Amino acid sequence: MSGRSGFWTQALAIAKRDLLIESRGGEVFGVVLPFAAVAVFVVPLATDALATRLDQLAYPVYWLVGLLFGLQVALRQTGTETMIQRRTLALLGIDPAARFAGRSLAAALLMTGVMVAIAPLIVLFYDPRAIPAIGPSLLAVVGFAIGLSMLSTLAGDVTVGLRTRSSLAPLIVAPISVPLLIGASQTFESLILDRSTMAPALLLTVTVLSLAVTGVLTAPALEDATT
Amino acid sequence: MANLGLVAHFPCAPGVEFRVSSSARTDRRLSRTVNSSLVSLRGVGVRFGPTPVLTGIDLDLAHGEAIGVTGPNGAGKSTLLGVISTLLAPNEGSLELFGGPVQRRDLPQMRRNIGMSAHETGLYPELTLLENLQLVERLTGEVVMSAMQALEVVGLAGAAHRRSSATSAGMQRRTDLARLIMTRPQLILLDEAHAALDADARDIVDRLIHRTCEAGGGAVVVSHDRSVLARSLERIVEIRAGGLT
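These protein sequences, in sequence, are chains H and C. In terms of our numbering, the first sequence has 214 at position 25, counting the first letter as 1, and numbering is strictly consecutive. In terms of our numbering, the second sequence has 119 at position 86, counting the first letter as 1, and numbering is strictly consecutive.
Just so you know, these hints were derived from the structure itself, not from any lab. As the structure is a computational prediction, the values presented were derived from the model and not from experiment. We put the beta carbon where it would ideally sit given N, CA and C, even for glycine. It is possible that some hints are incorrect.
Listed next, the stretches of chain H that the computed footprint assigns to chain C, with coverage defined by at least 3 CB atoms under 8 Å from CB atoms of chain C [to be verified]:
(1) 207 to 213
(2) 281 to 293
Cβ-to-Cβ under 8 Å is the rule here; a few derived chain H residues that face chain C [claimed, not checked]:
(3) Arg193
(4) Thr198
(5) Ala202
(6) Gln274
(7) Arg276
(8) Leu351
(9) Ser355
(10) Thr407
(11) Thr415
(12) Thr416
With the rest of the complex left out, here is chain H (with noise of 0.2 Å):
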């Protein structure tokens, strides 16, 4: 009827049944966006209180609300498939590497939604400091989304099945994301006090390539090892 699917028609068919079943079960959007904002408004209350206090607060909050959260994102759509789903796919010969690049695009684009989502609570409860150039802000909050999602799709994948998942996963990525906490959170402070982001923005794009290569690598050893 028509010719075997590529990489890039396999990937994007991943992304796309995540996106449905998320849109469907709503858990992203409906459960843990409501507790980022929660997080985000309880940190100002646990803090004197002083403006001056939350005005420096105001970014840190943001990667940690987001770093937590968008942790959560990813992992409970990496939790979402049954073994048997996944032995169907792979017994569908779909390349692994495909499936990872959709796992993880998918999770990028919530995660992506997440915090875009709670930038106007940030600057509602913590009045910022302006960054002057939105563009490469904005694309600093979209690599440390990649970044995440394919770390936390590499960390569900080597924990898949294990009844210590949901505390291993974490302390799988915990470390891993430092880098990746540094290059978005930096990029930031540069755009704001006006320095060369070159720095921060190569240890974003170098850790995100590598997470990308690694996580292409390692697909087929770690399916077989999970299904």
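For this one, chain H is given, so just place chain C on it according to the hints.
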């Protein structure tokens, strides 16, 4: 059943010339293997930890042949299907599929020619029956009929837009069969395929097995109930305590 647009047409007797309409790479592999077994297991053993589940399994499945595997619960029937499907690597022995050894680099290509349906289906409950099959259509790109046509074949066209979570176990099994019908694999592996199916659906299973064999493929059908297998299969082997009898 609608025109299945077979990917390959094989004779039931191996060794006779055949016609293939899939990719060139598949053609080469099939022409190399037409005289050999579709499945060949030699001395296969599987252990889960220290517990042996299968021991010394020798089994051949010829082109155009269907075989039934029966045995009590826990005998290793599903494990055997896992090995044949390439999803479970044996601890001992060797597996050859389509006339060649199973190698990592050939796995995606090899697996496209294997269709498996187990008692638990791989459907996504949030998606409709049609969306589940359309996903397969997009992922493989190599289907002999559309998702909707496949649903018509299994009598589920009217339920195409219902979420699979809102359908019965029998309807989900039928949808799983529709997946096999639209992807038309050469080797089908059915694990308790007749469970939760009504008489019409069981006929669909039997026709699927028959047509696959007629096209030169093969089938391994597992059931704990020998009488179910005896209804449509001539060759039945029994697996007991991890070994074939």
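Now for the hints, and whether the structure bears them out:
Check on the region 207 to 213 of chain H: 3 of its residues sit with their Cβ under 8 Å from a Cβ of chain C, so the three-residue criterion for coverage holds. Coverage of the region 281 to 293 of chain H by chain C holds [criterion: at least 3 residues with CB-CB distance below 8 Å; count 4]. The interface hint given for arginine 193 of chain H is met, as the beta carbon of that residue sits about 5 Å from the closest beta carbon of chain C, less than 8 Å. Below 8 Å, beta-carbon pairs count as interface contacts, and threonine 198 of chain H has one with chain C at about 7 Å; its hint therefore holds.
For alanine 202 of chain H, the suggested interface contact is upheld, since its CB lies about 4 Å from the closest CB of chain C, less than 8 Å. Using the Cβ-Cβ criterion of 8 Å, the hint placing glutamine 274 of chain H at the interface with chain C is satisfied: the shortest such distance is roughly 5 Å. Residue-level restraint check for arginine 276 of chain H holds (minimum Cβ-Cβ distance to chain C is 6 Å; threshold 8 Å). At a threshold of 8 Å, the smallest CB-CB gap from leucine 351 of chain H to chain C is about 16 Å, leaving the interface hint violated.
Against a cut-off of 8 Å between C-beta atoms, the interface hint on serine 355 of chain H is violated, since the closest Cβ of chain C lies about 21 Å away. Taken as an interface hint, threonine 407 of chain H does not check out: its beta carbon lies about 13 Å from the nearest beta carbon of chain C, beyond 8 Å. Restraint check, threonine 415 of chain H versus chain C: the minimum CB separation of about 10 Å is more than 8 Å; hint violated. At about 5 Å, the closest approach between the beta carbon of threonine 416 of chain H and any beta carbon in chain C falls short of 8 Å, and the interface hint on this residue holds.
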